[in-house]
Amino acid sequence: MRSLKARITVLVGISLLLLLAAQTVGLRIIPGALVEDYVVTRLEHDADTLYARLVDGTEPVELFSRTVGLIYETPLSGHYFRIMTGDTVLRSRSLWDEDLALDAVPPGEQQVSRAPGPAGQSLLIHSRGYWLRGEPVTIAVAEDVSAMETTVARLERRLLLIMLLGVGAVLLIQYLVVQRALRPVDAAVQACRKLEAGGAAPMELRAPREIEPLVEAVNRLIRHHGLRLERTRRALGNVSHALKTPLAVMTQISDELAEQGDRAAADALRPQLQAIRNTVERELHRARLAGRGHPGAGFDARAELEPLVDALRRLYGERVSIVLDIRGEPAAVDGEDMLELFGNLLDNACKWARSRVQITLRQGPDIEAVIEDDGPGVEEALLARLGQPGMRLDEGTPGHGLGLAIVHDVVEQYRGEIRYGRSEALGGFRVEVRIPG
Amino acid sequence: MRVLIVEDDAELGPRLRQRLAREGLAVDLAANGIDGRHLGETEPYDLIILDLGLPDLSGLDILAAWRKAGLTVPVLILTARDGWRERVEGLRAGADDYLGKPFHTEELLARVQALLRRAAPVRDTVLHLGPWWLDEQRQCLVGEAGEETPLTATEYRLLRYFLRHPGEVLSKTQLSEHLYEYESERDSNVLEVYVRRLREKLGRDLIETRRGQGYVLRKD
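Chains as they are written, first to last, in this note's numbering: chain A, 1 to 437; chain B, 438 to 657.
None of these hints come from the bench; they were simulated from the model.
Predicted, not measured: the structure shown is a model, and the values here were computed from it.
Backbone N, C-alpha and C fix where the C-beta goes; we use that ideal spot for every residue, glycine too.
One should not assume that every hint holds.
List time: in silico EDC-like cross-link candidates among lysine to aspartate or glutamate, alpha-carbon distance up to 16 Å [stated by the list, open to error]:
{"no.": "1", "chain 1": "B", "residue 1": "K656", "chain 2": "B", "residue 2": "D642"}
{"no.": "2", "chain 1": "A", "residue 1": "K351", "chain 2": "B", "residue 2": "E544"}
{"no.": "3", "chain 1": "A", "residue 1": "K351", "chain 2": "B", "residue 2": "D534"}
Residues from chain B that keep clear of chain A, each with C-beta distances beyond 10 Å, as calculated [what the hints assert, rightly or not]:
{"no.": "4", "residue": "V525"}
{"no.": "5", "residue": "L528"}
{"no.": "6", "residue": "D533"}
{"no.": "7", "residue": "Q576"}
{"no.": "8", "residue": "V579"}
{"no.": "9", "residue": "T586"}
{"no.": "10", "residue": "G604"}
{"no.": "11", "residue": "Q650"}
From just these sequences and the hints, can you work out the full model?
Following this line, the structure appears as structure tokens:
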């Protein structure tokens, strides 16, 4: 059993049921014993009284019943006695014409027994042996306890029922208590998930002392990972900067050569420079991608794409209107990667659009986005070649032709899907991209 | 039109300056962030080309400082860090365009022209003046029949500024601030000479003199 809660619940439940069983056994024994004790004491007294009368001898035996108690006179009253001396047997009137089959008890001894009585009664019998003028006498006194037994049984049933209800209530309470007691664990698990999804660890989180180190370790690990990713990216940025400025100078020189009329030199330089630039750009971009499933990743399209669209509006502001429709919760993918993906796709759309660009995005846990424009679109035959390095459709529009290649790198890293087609709504280019979270 | 380039690279900066000057722009070059920020704040530029990777000050901070101070001059960011994160940050800090290094001269020029057009009161791609239009490539006036009227570099600068701001009273100081580099001698009397020459080529009435205020190019 791997669930802590189930385990605690079952263990507590078992101990409660054991307690219930012990109580039931006690309930069966104790009231019965108490009743018997009480009745036997009374019977002893009656036996002693009878013996005292016998010893006294002033009263005729027939009249004993009257002095011992009227109850022994009333037929089938439930109170009986039987005195045996040798062959003589003296029975209380209450026995009427029934008899109790009893053995003689040696003097000085006594026994308590049970026997069925007349009229379906249940008798508790106390027999005791005495010496009476040198002869052994056995005095047996009996009482019907069936009414008492019925009462005790009813009491037992009631108590048992109350106890069952009590156990049920306690089980329920302990279940709730366990749930409540382990809530910090749930909170800690949630916090770890949040950390994994790139959120910040909530400051008010007080994980139980047993679990705190775990949460801290996760937090540390993720922070460490994040720092390393950041360092790598910064280093790559520096490399990029260090390589691209000289490249820019060389590009300027080649352009100047062309302007001065030295076409041959410029034409020799340009493809080389272009090749270096493409490699630097593509490989550095690829190296910067965090990729799928790295902890600490978090991308909220709302928080990231709105600034991006803002920025694009600054670039294309008057010409293109951009409509952004985002639904769902943030997804656990890297923000930087997604910004590269959507930046390139949206930039393309804005470049080509006549006046409208539309983004429809569903996020969490996966990201599904459709980006459409009302530009000329792409011919069916060319769709399959989109995103291949060096494939450029926008010869006239400024850009490197690397945008879609980078988009493909991102999609590949996340094992996502990308599909191109024609927009039904706007009539231009349509990109459908799916990134599993 | 006056342009400021803030670029720390000792090779790239002067080359850009030279190339833009050939386009008839008055170009100042700042090789570090502190000078660049100061020039941007004090001189009335029509465009600023800003490198983000400066050694002393972050280009983004400079841009933010300018925008905070209320400067509305168009800014073209030039940078080797062209991830989308940086682009978004740059554009949101107030940049108007973004160009990743390395770039081709034509691309830079196209963007510079586009930004200058966008910022001026007249945004037409081709500037017209009476029967002429201004050929910005060859820096001359072209008539209806295709005949060309040559312009000197300063005449061209002056005329283009007038054409981008027709109907506005332009003082001599204002004109010289937008036509000459920071280091150059500014003699407002020289301007009078150039205005006279333009009048000789275009006719007397096109540029009016407002005494004590400056010049106005008549709106058609």
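To see whether the hints hold, each was checked on the structure:
no.	hint	result
1	B/K656 x B/D642	holds (11 Å)
2	A/K351 x B/E544	holds (15 Å)
3	A/K351 x B/D534	holds (13 Å)
4	V525	violated (4 Å)
5	L528	violated (4 Å)
6	D533	violated (7 Å)
7	Q576	holds (15 Å)
8	V579	holds (22 Å)
9	T586	holds (24 Å)
10	G604	holds (22 Å)
11	Q650	holds (33 Å)
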